[in-house]
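4 protein chains.
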Amino acid sequence: MQNLATSSSWGYTGLFERTNGGGFLTDYYPKAQKAVWDLEGIYARSRHVPGVRFPGIIHTGQIGVAPSADLLAKWNQREKALYDTNPNRVPPLVALPNPDEAVLATLKGADFDRVAREASRTVPARENNGNTDIKNMTRGSTLYMPVFVKGANLSVGDLHFSQGDGEISFCGAIEMAGYVDFHVDLIKDGMNKYGLTSPMIKTSPLEPRFTQYLAFEGISVDDSGKQFYMDATMAYKRACMNAIEYLRKFGYSGEQGCVILGTAPVEGRISGIVDFPNACCTVFVPTEMFEFDIRPTAAGPTPVIRGDELARTS
Amino acid sequence: MQNLATSSSWGYTGLFERTNGGGFLTDYYPKAQKAVWDLEGIYARSRHVPGVRFPGIIHTGQIGVAPSADLLAKWNQREKALYDTNPNRVPPLVALPNPDEAVLATLKGADFDRVAREASRTVPARENNGNTDIKNMTRGSTLYMPVFVKGANLSVGDLHFSQGDGEISFCGAIEMAGYVDFHVDLIKDGMNKYGLTSPMIKTSPLEPRFTQYLAFEGISVDDSGKQFYMDATMAYKRACMNAIEYLRKFGYSGEQGCVILGTAPVEGRISGIVDFPNACCTVFVPTEMFEFDIRPTAAGPTPVIRGDELARTS
Amino acid sequence: MQNLATSSSWGYTGLFERTNGGGFLTDYYPKAQKAVWDLEGIYARSRHVPGVRFPGIIHTGQIGVAPSADLLAKWNQREKALYDTNPNRVPPLVALPNPDEAVLATLKGADFDRVAREASRTVPARENNGNTDIKNMTRGSTLYMPVFVKGANLSVGDLHFSQGDGEISFCGAIEMAGYVDFHVDLIKDGMNKYGLTSPMIKTSPLEPRFTQYLAFEGISVDDSGKQFYMDATMAYKRACMNAIEYLRKFGYSGEQGCVILGTAPVEGRISGIVDFPNACCTVFVPTEMFEFDIRPTAAGPTPVIRGDELARTS
Amino acid sequence: MQNLATSSSWGYTGLFERTNGGGFLTDYYPKAQKAVWDLEGIYARSRHVPGVRFPGIIHTGQIGVAPSADLLAKWNQREKALYDTNPNRVPPLVALPNPDEAVLATLKGADFDRVAREASRTVPARENNGNTDIKNMTRGSTLYMPVFVKGANLSVGDLHFSQGDGEISFCGAIEMAGYVDFHVDLIKDGMNKYGLTSPMIKTSPLEPRFTQYLAFEGISVDDSGKQFYMDATMAYKRACMNAIEYLRKFGYSGEQGCVILGTAPVEGRISGIVDFPNACCTVFVPTEMFEFDIRPTAAGPTPVIRGDELARTS
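Residue numbers (the working numbering), protein chains in the order written: chain H, 1 to 314; chain F, 1001 to 1314; chain D, 2001 to 2314; chain W, 3001 to 3314.
Among these hints, one or two may not hold up.
What the hints assert, rightly or not - Cross-link-like lysine-lysine pairs, in silico, BS3-like; alpha carbons within 27 angstroms at most:
| id | chain 1 | residue 1 | chain 2 | residue 2 |
| --- | --- | --- | --- | --- |
| 1 | F | K1074 | H | K226 |
| 2 | D | K2249 | W | K3031 |
| 3 | F | K1080 | H | K226 |
| 4 | W | K3074 | D | K2226 |
| 5 | F | K1249 | H | K193 |
| 6 | F | K1074 | F | K1108 |
| 7 | H | K150 | H | K193 |
| 8 | W | K3031 | W | K3150 |
| 9 | W | K3249 | W | K3202 |
| 10 | W | K3202 | H | K202 |
| 11 | W | K3249 | D | K2249 |
| 12 | W | K3188 | W | K3150 |
| 13 | F | K1188 | F | K1202 |
| 14 | H | K31 | H | K150 |
| 15 | W | K3193 | D | K2226 |
| 16 | F | K1226 | H | K193 |
| 17 | F | K1080 | H | K80 |
| 18 | D | K2031 | D | K2188 |
| 19 | D | K2249 | W | K3108 |
| 20 | H | K34 | H | K193 |
| 21 | W | K3193 | W | K3150 |
| 22 | W | K3108 | D | K2188 |
Hints were generated in silico from the structure; no laboratory data involved.
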């Protein structure tokens, strides 16, 4: 990627309502809310989440190529099969093709109808890369992707000023207006040559560096005490909730904690995935991004944040 | 942690046989094997995995405190419930208490029998920290743990010269003889003060630094094409298998790839956990640790490793 | 600093002719030459210096405030005193005010003449910061400067895409067209409050990171064998010449080596300044910026660069 | 270097009396003093310099090989020539061979007398590496040195738990008891093959990392206002004095500031060495090593250190 920059001095983060897609922690924070961010050079700060100021890893949430007809059929088949296991779930297990709201450029008539019925939604990452939301897809990195159709039909978007690993709320990065400038090379038959079935990134030497993190642990036991088998998703959820509870002791609301983990350059790690039955995941929160000392002391935390700054938009 | 060092000039890594516990990738690599490592200062290299030499993040795989009787009962209850859902699974879902092989220091008679029946196995990480296998628990870090019983009954072990996030094969770190020296402080009522229900680590400023990684993606679709819902465990498995396939193109065997991901300072990230139905996980492999250029080129890879160096021990 | 970017896709580096100001190594490379750089996102490469590609630390070479009349008089006095010790030196010891070529905006007549006579040249860094050419004055950093006159008269310029510590050839950074955007705050009486007589920088968390450097040593003995007392300038010159000789073994010309040290993110360190009579300086060259393996091996270096690519412009 | 560790839990730092060798800042701090350090794992702290705690870059101050007879003669000749320019200087310009206090192992009689007359002192770094006091000569680094005599006569010592660039007071690192373990390889004719006339270091990936530094500037004008030509030694002295004055505003004594710069992992940079007549040097001080917030604010500094903790030993 040759360049990537914001074209405005602000961005925003959303927590989606549970009935509108929810998010990773929607069981705990089901209400829609939003935070507005002031973008000051490499740093972001928000009136809605006071006490933090951090350098963003500016990145593209979405870069993808078009699937072949076969691959598209495979996506629709496998996702429909999952959907059918619980079609009434809220939020849904899968966002199926949505003919009623499809936007299909110049297509009309029977072509429109046919494509609208089978056009996969761009919500998830897939073999075509797509909406991976990998925060390290930043300036100076290189993405290796397959080509499925003649011309590749490369598309890019969903620019993020910053995001934590996981993008734990649905619109959980700092979404921004901006532009991106990159160069495309072709490695003939590259996916076969390198045995790849999914995209790969060569990272950039230019990411923010930090001295210290607080790493919160989580294991695959849910909050009712039920044991799951090697469930990294559950373990990461517990790690995030542990981090949020910690932040709450400094005055943040749970929703503010959720926004911090979604937007700041936190790292979500699968630390242990072998010691059955517990996966052990960790979320690494840089201590230097707080404007007060967030580290534990014998005296205990002093609440310094009011906690009601996050605008309610529901 | 004040100090942690190896007391020998070698270590080892094991892939467990599927019938002996297996590992994260046991479906692909079910046979027992081992690699021996030469430890040269901060670096490790192995005759069984040629072509790599990396600085280890030396760490304790296991630090834990004793559970209270109530907490122990809770562990046994929840793990037995999981076990009972598929008691004949190989490898098992849970390692239940094993009275026949319990080693209980000085206990005898009825006390031995009672304790042997209820003594949780130390395989997994739990609320007491235990066998978390977090590679960042290194020299200069601080661990915040709960205390459940008078005196805490702190124990430490499972010293690792190096490990990748996940420790993807069962004995997958570089296991070593060594010693550890640390200092203990008490924050009275600290878990309540800080809202913690799981341990937390304050990381060290002294971890190896790298310029560049290859980050392999994985999504929650298994290799038969079945779609899972936001399954980070599956996504990380796919990311690891993608990395291993890539390594195989340079001549490594799959088992060698498995050992590299288990031992080298790779990072396992939960990059996207909101774009349903696909979790997107990534494994970040430092390019500098290879003694040849592992990065993709238009010409494609040249196999430089023979691939049969890993000793068979089955 | 809020933002700083290039507005073109190229930049350049110059070695000045000895009779036109010369440079740090003008005794060795007295001829004028220039290199043109292609700026590709965060990276620079040059057809005139093949084999290197590096991420720049984009920065302002020059930010300064106006001196008071008293301070200006002090500058002129002290610099003239030095100049007079060897007024015929080539290059000169000092660039004195130059009434014949002064460019003074709207000033005319007697005012022009008076100011032209006493207007200090902006070549060196001084108490007002000015042309410090500190490569770490990059995006995300903060500069603390004094104010000498009402309104401060802040000026900025000399934008560099990249530069090595020292900027060892006169126009030795990658000079670029661009823009800079920053925010100004005032700390009332700040220089007194903090005891500062020179500016200070709070650095940015966003600088390129490297795994490994080759650090070349130099001591304060010149190349004729004459011993100097704790002369860090001489020691750094020896360190740079050692680095250049090393690069020459890979085929680079001395002038190309000079351009590499001037432009790439090398670090110039005063490593030892107490062990009389030898200062020990080092220049740290990142190994990863070379497109071939620059590290020493038992086999010795293989020349991979032709060495005549640098355009002659004299 | 394979390993390097302290064998005790304490170390010390000395400021030498002006009449006993002095140090880089002996004009300002001429009195002998010492600080004792507690070594806690990777961190150092001192009762004599409260408010700082930092991870050390453990290193060898001294590694060297024996000179040939010719090289030794050259050293004695060039150093004597410098000495003779001001033989009465205090501290002296050069430490000449000192027959009265020579310690020469098993030598006796005429051999002792001959060698004692010509044995160079091991104070400075020279072509044989020797007492370079380069803080980056740490675990995981590699040193490339010449061989001048059969068998090389390698010697190592002067172990430092930590040191700032320059080691600005004479015994200015944290001196420690310890051991070092390394491996030696030979590159036949290596110095010629690589064009080296001085040693070179390949750095380690394992050095402490920091997010942020305060970088203090200095130019080559002394504190009486006299202008020097491109004098990096003077510029670094001014940068250090600026840093010390800043530290004094938080309550530290000047001597404590001197000890902090000498011992903590500060970086001494030759930032600009081309903009005549002013060299611009900088000293980079990590902000995270202070136990209070050392960064400037509008309110100004609050003294938090008493300033009289450093033991007087004169």
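A quick look at each hint next to the structure:
Restraint check for K1074 of chain F and K226 of chain H: the C-alpha separation of about 10 angstroms stays at or below 27 angstroms, so the hint holds. A threshold of 27 angstroms between alpha carbons decides the hint, and for K2249 of chain D with K3031 of chain W the separation of about 48 angstroms lies outside it, so the pair is violated. Between K1080 of chain F and K226 of chain H, the direct Cα distance comes to roughly 11 angstroms. Compliance with the 27 angstroms bound is thereby established for this hinted pair. Taking the CA atoms of K3074 of chain W and K2226 of chain D, the gap is near 10 angstroms; set against the 27 angstroms cutoff, the hint holds.
With a C-alpha separation of about 8 angstroms, the suggested pairing of K1249 of chain F with K193 of chain H holds against the 27 angstroms cut-off. With a CA separation close to 25 angstroms, the supplied pair K1074 of chain F and K1108 of chain F stays within the 27 angstroms bound. Between the alpha carbons of K150 of chain H and K193 of chain H the distance comes to roughly 19 angstroms, so the proposed pair stays at or under 27 angstroms and holds. Restraint check: the Cα-Cα separation between K3031 of chain W and K3150 of chain W comes to about 43 angstroms, which exceeds 27 angstroms; the hinted pair is violated.
With a CA separation close to 39 angstroms, the supplied pair K3249 of chain W and K3202 of chain W exceeds the 27 angstroms bound. Proposed proximity of K3202 of chain W and K202 of chain H is supported: the alpha carbons are some 24 angstroms apart, at most 27 angstroms. Taking the CA atoms of K3249 of chain W and K2249 of chain D, the gap is about 50 angstroms. The hint is violated against a cut of 27 angstroms. Under the criterion of a C-alpha separation no larger than 27 angstroms, the hint pairing K3188 of chain W with K3150 of chain W is consistent with the structure, at around 13 angstroms.
About 18 angstroms separates the Cα atoms of K1188 of chain F and K1202 of chain F, which keeps this hinted pair within 27 angstroms; it holds. Restraint check for K31 of chain H and K150 of chain H: not satisfied, since their Cα atoms lie roughly 43 angstroms apart, outside the 27 angstroms limit. Among the hinted pairs, K3193 of chain W with K2226 of chain D is consistent with the structure: their alpha-carbon atoms are about 25 angstroms apart, no more than 27 angstroms. A distance of roughly 25 angstroms separates the Cα atoms of K1226 of chain F and K193 of chain H; the hinted pair therefore holds under the 27 angstroms criterion.
Note on K1080 of chain F and K80 of chain H: the hinted pairing is violated, with a Cα-Cα distance of about 34 angstroms set against a maximum of 27 angstroms. The hinted pair formed by K2031 of chain D and K2188 of chain D fails the criterion: a straight-line CA distance of about 48 angstroms is larger than 27 angstroms. Restraint check for K2249 of chain D and K3108 of chain W: the C-alpha separation of about 46 angstroms exceeds 27 angstroms, so the hint is violated. Among the hinted pairs, K34 of chain H with K193 of chain H is inconsistent with the structure: their alpha-carbon atoms are about 45 angstroms apart, more than 27 angstroms.
Between the alpha carbons of K3193 of chain W and K3150 of chain W the distance comes to roughly 19 angstroms, so the proposed pair stays at or under 27 angstroms and holds. With a CA separation close to 70 angstroms, the supplied pair K3108 of chain W and K2188 of chain D exceeds the 27 angstroms bound.
Against the hints set out earlier in the document, violations occur for numbers 2, 8, 9, 11, 14, 17, 18, 19, 20 and 22.
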